[in-house]
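*Asks:* So you can see what is in the structure, the chains are spelled out below.
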Amino acid sequence: MDYYFTVLSTLILFTAFLLIANKRPDSYIKTFRAQSLLLALTTAIMGTHNLFAEGHYDVMVVCLLIIILKVIYIPNLLQKTQANVAYVVEKDFFSSIPLLVILCCGIVAFTYFTLISMEGMDAGPVNIQLVNSVSVILIGLLFMISRKRAIGQIIGLLVIENGLYITGIFATHGLPFIVDLGIFIDLITAVIVLAMMVFKLNDEFSSIDTNKLKKLRG
Amino acid sequence: MGLALFMVALLAILFYIFLNQKTLLHVISISSATLFMLIAFFLTRSVLRDGVIYSAGFFYLDALSAMILDIVLIIGWIASIYSVGYLETEVKTGKLEVSQIKLYYLLMAAFNFSMMLALTARSMGIMWIGIEATTLTSVFLVGFYNAKKDLEAAWKYVIICSVGISLALLGIIFLHLSSVEVLNGSHLLSWPDLFANAADLRSSILKLAFIFTLVGFGTKAGLAPMHTWLPDAHSQAPSPVSALLSGVLLNTAMYGIIRTAAIVNKNLGSSSYTGHLLIAIGVLTMLISAISMLTQKDYKRMLAYSSIEHMGIITVAIGIFSPAAIWGAFFHMVNHSLTKSMLFFASGDIYLHYHSKKIANVKGLLQALPLVGTVFFLGLFAIAGVPPFSIFASEFSIIAAVFDGGHLFLGAFLVLLLAVVFVAIALVLFKMFFGKEGSTEPSVAGNVSGEVMLVVMLVMISVGGLYLPDQLIQLISQAQKLIIGG
Amino acid sequence: MIIKVVAMLIQIILIIMLAPLVNGIIKKVKALTEKRRGAPVLQMYFDLYKLLQKSMVVSEVSSWVFRVTPWIVFATSLTACLFVPISSSLLPLHFQGDLIMLIYLLALGKFFMTLAGLDTGSTFGGMGSSREVMISAIMEPALMVSLFTLGLFARSTSIPQIMLHMQEQGGMLAHPAFILLFLSMLVVIIADTSRLPVDDPATHLELTMVHEAMILEYSGRDLALMEWGAAIKQLLLITLLVNLFFPYDPLPGAAGMGFVLLASLGIYIMKVILASVLIGLIEVSTVKFRLFSVPNLAALSFILSFIGFLQLFVLGR
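Protein chains in written order, with my numbering: chain R, 12 to 229; chain C, 610 to 1095; chain E, 11 to 327.
Isolated chain R, as found in the complex:
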């Protein structure tokens, strides 16, 4: 089972790289959907293991929630939002993509060296999984600060949450059930709030380029 987890964590890292190399909001949403699908697969593997070994079915419920929310509902909501706001064909990011991609590489190396210097971390598969998951969080952060459009920032937030959830699964086999449930409720509320904010921004500013939000400085 550890082997599957390592493979899945590598694939999730791969989708995070794909995300950084993407240029258009539609591809962001598609890549996010793929990443959430991989996340659901991981949870399903852990869930079946839990179900047969210990009889808890809470992880399977969480897996189902992930599929309903992150694979189906949230990307659809974001696609509808994206379809309804002003579309401008212009560069969405602050520096060139190859530079960002190489920064991601640096992030993975940095995460590795930070985690390896802590005693108490087991070596071997857990180490790789943890490095991959924390890198996904930091790559999501990089994605968020490198995109100018509001939709990009929302996707960055969602990728950070994905990475957090994966870290939780790999490090501690999941947080307590109530906490997980609460996190999901928070997540869905956050996405709804953000989508409504995007609509309001679009109404007022006729664009969702957050570079235009410059009036309050100092």
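Hints are not guaranteed to be accurate.
Within a straight-line C-alpha distance of at most 25 Å, the following computed PhoX-like cross-link-like pairs (lysine-lysine) qualify [stated by the list, open to error]:
hint, chain 1, residue 1, chain 2, residue 2
1, R, K159, C, K711
2, R, K91, C, K757
3, R, K211, R, K91
4, C, K711, C, K701
Selected chain R positions facing chain E (in silico; Cβ < 10 Å) [stated by the list, open to error]:
hint, residue
5, L24
6, I31
7, S38
8, K41
9, F105
10, P109
11, L111
12, V119
13, S128
14, M129
15, N143
16, I199
17, I203
Hint data in this document are derived by calculation from the structure and do not stem from the laboratory. Only a predicted model underlies this, so the values are computations on that prediction, with no experimental measurement involved. A virtual CB, placed ideally from N, CA and C, is assigned to each residue, including glycine.
We have chain R; now place chains C and E onto it with these hints.
*Replies:* Relative to the frame of chain R, chains C and E by itself:
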């Protein structure tokens, strides 16, 4: 008893959803706030008597939570009385629709509910959920007027705080990881269990957890360099909302940091690790806010930077972590909430009269609005740390603790920064009070209810500098002993 | 000694004969997914035969480079195919460092092709040459890192030995990092063989050509040699990909020598067909990138291989 809090909150929300009449909404708001306050008094009394309250498996109240919960509910009560007058005036001048009042109360109720959830939760995961929920419920309160600046402030607020909170969640995950061998089952992530077994947790992971929690909750608390959302959000929101955000929400975020710091300090055996981080961030916060205050042109923004500065003071005090410093920090949290909320309420009245947030447009305040003007004037003295107000007492105790702990340069630097802050407030704001009033508009029959509360609060903060009720002293001492680790 | 020579001959003949088939399969896959019947799979053989019969037209302003290049391209491809293992029972040539030799043989052919594109003085040739040089320059680091990671893993820089080592370890399933290396090499191979999304091999618009532009001026026998050389190079790269990552041949010594050889050749041909179908499907589902978006792809490929390297050697310890 504690569950009664949540039941009242849920009932209130239900009423707000279904009722539409303006007066009814006001009545529900004031009555629910009063009920909250009464329940809080009962709870505090039993905490003073018994020490901690456990109930229903997830409700946990000790002296620290009780202290902050009291502040939340008292200021919430004052805010609900003030809001009545404020909203009525805004509807009369046509800036708000009647339907928006319903939205306002609904969001305020949800905001209160999430803060109560954060403060009374036994599991740190649920505390995190509560703090994240406070961000989400207050976004639309910040952008309430739906103008361009408000939306910009709301967007920055939600994005920066959501990122920060996510990092705090990473900290909580690491906290969980460090304890996964020691605790299990229903005791996972519960603060009293974590604190009791703190020596058995894994130190290195705990250190990493503290860094992430500090950055994450520090974003919500307005610590530099994650403070950039605070001036915008607090200045663009309607005044009662600003008062709640400044006075209450920042304290709740600091509560998260204090809880984590307590665990880490107990585990490491000394407070030097957390102390260095906290003092560094606290001093940076105070420096940035002091410098920024010198060039402000908007009085609400100025008050927001002052909030940042006071949060910096509290952070430094917690970094020192001596008993006297902790006592001073908690005392300061109480005083700052009362004083800052009073200032924001007064600024709301000023805005209602002058219809502008710029300092340049406000002249002759003492003549035009005598009561509000005097309150604002004295409040500014208070927030700058002038005796005999309560803020002076708490700042003095903190600085004394700093010098007592042997950090001479740090203490001197802090005093210098406080002096800079005083100069900034004096220079920039005293322009508002004198001179001829430029506006020829007849003064709108303002916010009577609000003005009453302003006087009450002024009395409270002036008295607080000289005399404290015994229960308050006992509460703060209990909280201090709890955190130091008995 | 005799066995070695026989092995070399078998390898060369097999690769030469198999190379045009890959092109045919890819074109057939593209046609079938577009609901056309498409050209027969063996079409390229007929094309090459036809081209060999035709006479050549050579520009007067071109130099010896133009005339020599087709031979060099064909020769380098043929030499390179001696180092690439088709099956683990047929290892004609190997010595330490033949990995580097292979890459630079193929690069030699590419170098002369670029020069030849410039040689005739036509604008399209020059444009194709400059683009080709840019693309291969940015794709090379990824290829190097991937291959050297595999070499480090097998503790050797000789490709047949790498293949043997991977066979013992179970191929791609040995470590999840190999997935990243596989993806990275896939991208590099797509770029090197001038397939979509880097370069469209079926385009007739000279402004969008990269590889085709360099061979635009060739005709007759020279064109046949160039096309065949390119096809052999494509087959070599595909062989590298499938044999290094999915080396599921029967090991020599498992049964009688002839039986093992035939079985492994059969498996190899199946793998090549599957890889061609995969490349065909990739071609069908993407569009050609703008030239200045190709560095994005190259950067992605590079960090995939670099992270694969990190995971194998830095993290796993």
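*Asks:* Each hint: holds or not?
*Replies:* Each hint tested on the structure:
no. : hint             : in the structure
1   : K159/R to K711/C : 34 Å, violated
2   : K91/R to K757/C  : 23 Å, holds
3   : K211/R to K91/R  : 15 Å, holds
4   : K711/C to K701/C : 16 Å, holds
5   : L24              : 7 Å, holds
6   : I31              : 8 Å, holds
7   : S38              : 12 Å, violated
8   : K41              : 13 Å, violated
9   : F105             : 15 Å, violated
10  : P109             : 4 Å, holds
11  : L111             : 8 Å, holds
12  : V119             : 6 Å, holds
13  : S128             : 13 Å, violated
14  : M129             : 14 Å, violated
15  : N143             : 8 Å, holds
16  : I199             : 31 Å, violated
17  : I203             : 33 Å, violated
Comparing the model with each numbered hint stated earlier shows that hints 1, 7, 8, 9, 13, 14, 16, 17 do not hold.
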